[in-house]
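**Q** Sequential numbering from 1 applies to the sequence shown in our numbering.
Note that these hints are calculated values from the structure, not bench results. All figures in this text were calculated on a predicted structure; none of them were measured in a lab. Beta carbons are placed, not taken as given, at the ideal position from N, Cα and C, and that holds for glycine. A couple of the hints might just be wrong.
[To be verified] Below, computed lysine-lysine pairings styled on BS3-like, alpha-carbon distance capped at 25 Å:
id, residue 1, residue 2
1, K88, K16
2, K84, K114
3, K60, K143
4, K60, K16
5, K109, K40
[What the hints assert, rightly or not] Restraint-style ranges between C-beta atoms, simulated for each label pair:
id, residue 1, residue 2, range
6, P90, G115, 36 to 46 Å
7, N6, R57, 35 to 45 Å
8, G166, K88, 23 to 33 Å
9, P111, F7, 23 to 33 Å
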Amino acid sequence: TPVPCNFLFLSDVLAKYGYSATHVQGGSGIFGGMSDLFMKKQNYSAFYGWESMELQRSAKNKRNTDWGMRDEDIFRFTVDMMEKNDNKKPFLITISTIDMHPPFEALYKTPDAKGIKLLECLYSTDKGFGVFWDYFKKSRYYKNTVVIVVADHAMGGGVEYDSFLG
C-alpha cells in the first residue's frame, strides 16, 4: 500500500525553482509502493528500481541472491544517465543503495574489514559511490544539482553489527 501523506517534499520545493527530480534505487520499486510514492506523491519525473529494464541492462555485477542491484551498478547507471541527459534544467537526484542490507554480500573485500561482512559491504558501497563522486564533481551538474544518497537500512542490530562493535 502506498504511504498516505500530505507532506511538502523537497522535490515540490525545488520544482518551483525549475528542478526536475530523478530517483535511482537498487531495491524494488514495487515493494512498499516506492515507485508510486516517488512518481505520484512526490512528482518525480523518473524512477529507476531494480525492475527497470534500463537498470537491469546496465548491471555488470550479479548478486548470489535475488535481492536487487549492487551499489556499484546503481552509481554507474546514474553516471551514464546523467551523461546522456540533454536536459539543461537543474535537478534533484536521489539514490537509495542496498549493499548495506542483510545478508551482507560484499562485492569487494578489504583486509581492513578483518572478515566482518558489514564492513566489507560498507567498503563496497564506498567504492561504488567513489565512481559516482569522481564523475559528479567534474561534471556540468556540480553547481546546479542536489544529490541525496541514502541506504535501504541504517547500520544497526544483528550479529554483524554486534561483531563490528566488538
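**Q** Looking back at the numbered hints, which does the structure fail to meet, lowest number first?
**A** 2, 3, 4, 5, 8, 9
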